[in-house]
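Participant: These protein sequence lines are chains L and H, in that order.
Going by numbering that gives the first Met the number 0, the final residue of the first sequence carries number 215, and the count climbs one at a time with no gaps.
Going by numbering that gives the first Met the number 0, the final residue of the second sequence carries number 306, and the count climbs one at a time with no gaps.
Be aware that a few hints might be false.
To be verified - What follows is a set of in silico ranges between Cβ atoms, one per label pair, in the way DEER data are often shown:
| # | chain 1 | residue 1 | chain 2 | residue 2 | range |
| --- | --- | --- | --- | --- | --- |
| 1 | L | 102 | H | 121 | 27 to 37 Å |
| 2 | L | 102 | H | 116 | 53 to 63 Å |
| 3 | H | 26 | L | 211 | 29 to 39 Å |
| 4 | H | 194 | L | 180 | 35 to 45 Å |
| 5 | H | 206 | L | 92 | 50 to 60 Å |
| 6 | H | 56 | L | 120 | 54 to 64 Å |
| 7 | H | 121 | L | 75 | 25 to 35 Å |
| 8 | H | 94 | L | 14 | 45 to 55 Å |
| 9 | H | 201 | L | 177 | 21 to 31 Å |
| 10 | L | 119 | H | 55 | 33 to 43 Å |
| 11 | H | 94 | L | 210 | 39 to 49 Å |
| 12 | L | 178 | H | 206 | 16 to 26 Å |
To be verified - A few chain H positions that, by computed beta-carbon distances, are all more than 10 Å from chain L:
| # | residue |
| --- | --- |
| 13 | 14 |
| 14 | 24 |
| 15 | 34 |
| 16 | 38 |
| 17 | 98 |
| 18 | 116 |
| 19 | 119 |
| 20 | 126 |
| 21 | 138 |
| 22 | 175 |
| 23 | 192 |
| 24 | 194 |
| 25 | 204 |
| 26 | 207 |
| 27 | 210 |
Said to hold, decoys possible - Covered stretches of chain L (in silico footprint by chain H; criterion: 3 or more residues with CB under 8 Å from a CB of chain H, positions within the stretch not fixed):
| # | segment |
| --- | --- |
| 28 | 141-150 |
| 29 | 156-164 |
| 30 | 168-181 |
If you are wondering where the hints come from, they were derived from the structure by calculation, not from laboratory data.
This structure is a prediction, so every number in the text was calculated from the model and none was measured.
For every residue, glycine included, the Cβ atom is placed at its ideal position computed from N, Cα and C.
These are the residues of each chain, in order.
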Amino acid sequence: MIVAERKPLKEITGMLQGKQRVLVVGCNTCVTICMAGGRKEVAILASALRLAGIEHVGEETVERQCDLEFLGPLTKLGEYDCLLSTACGIGVQLLSDLFPNLPVYPALNTKFLGVNEDLGRWSERCQSCGDCILDRTGGICPIARCSKSLLNGPCGGSQNGKCEVNGDVDCAWQLIYDRLAARGELDRLETIFLPKDWSHSRDGGPRRIRREDVAL
Amino acid sequence: MKAGSRLEKVLAAGHFAVCGEMGPPRSADAQAIRKKAQYFRGYVDAVNVTDNQTAVVRVSSIASCLILQEEGLEPVVQMTCRDRNRLAIQSDLLGAAALGLKNVLCLTGDHQSFGDHPTAKNVYDIDSIQLIWGVDQMRKGKFMGGEEIKVPPQFFIGGAANPFGDPFAMRVPRLAKKVQAGCDFIQTQVVFDVPRFAKWMEEVRDRGLHKQVYIMAGVLPTRSVRALRYMQQDVAGVTIPDEYIRRMEQAADPAEEGVKMAVELIQQLREIEGVAGVHLMPVMWESIVPRLVEEAGLYPRPVVDDD
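With the hints as constraints, model all of the structure from the sequences given.
Facilitator: Rendered as structure tokens:
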């Protein structure tokens, strides 16, 4: 899922300076699961904004803010000075497209594509490089999980299974090594991984997919 | 001969090589580079110049190398992947070769979070092994992208190895990959833990890698227990046995003890089969190099042709 985190209230009220009618728009998908921008978080944020002195704060949570199909109900809403989206950056942008005359502000920082490790703990797993290599690395992505995105093994800073950049972070290459060792596939690590084709990643420009088989 | 550099000739002739290393200044101070050069002249076969080491901005390695070359020293350009993509790296390397620089050490580079611009974006378009492969392609007359290079840059290609990083079992396979990618010489992380280094070398010999690549062991002379402790505690990938800390603590003259320790380490490393030389990293203590080389019995340096 897309994992996000709410911005500090001060930053949000800073964006909303001078606005008296604010609609907070949540999303029922990823940001609900990571407890950053679902119905419940929308209610909490709306209360905080009222306490901060904003006259009228509306609340609305849609099923998926990244999909126009679910945004229809929003067009029938009353008068607002601006929208405050508690979705990821995708939701913020789609709302902006839908309401080009209204400012749409982001209430969250979109952090990464990741997993819920435990209660209150999320971590990154994928950088959507557009050309998956997980078949070669034991199902553990060094692009997302190694601080230097190394493709040919650990740097000299891997120590006791941890990354030199942050002692709380596992060294991705230690994880890859352990998994391949357990599977008896260490020979995979002897082959040179040649420079990656990053054109499938964001480096190739904004990406899009067109599928004629499902297009109308 | 791959590049015919002085370092390559010294190693090819079977001499026990001595390299030095210097960090360029954090300002446009050519004089500081020339001053440090005097400590190395005649005492080492080549001098590495770091490339924004620990992710702190300094005079570029190539520019510093050119100054060292003017000073009559043989430089080793350090090239990291942190700050440049494959276009910039190849462009800089063509420039280095055009300026007459012949040795290049290929590194991934310290993460920018350790340096003076922690908010910078990093590049890491390629990693050190891919860089070695790329420089080897270049000297064979091809850009990394596949197109022909009419006048290929001829480099003596180096790489780093850290026998003290984890997982230990991946350290020799990684070296093997560097050799396979086209690496000619290796400079290791600083060695204090000689038994672990010896164990690594044993695996290196088991694979016959010492016959395919010149391995130079890293030695770091230090003059304070504080510096040693810092390395032990805060520098990932460096292991320092407590015995060295104790010796420095108890020393009446820590600088003297530091020289003694470094000389001992050089002698112990020289005894290990397959070690082709030492790489001296006198961080902030370049002036000690002449004494170290002399006391280790490595002076004078061999004369090779075309010097």
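Participant: What are the numbers of the hints that this structure violates, sorted from low to high?
Facilitator: Result: hints 2, 3, 4, 6, 7, 20 and 22 break, sorted rising.
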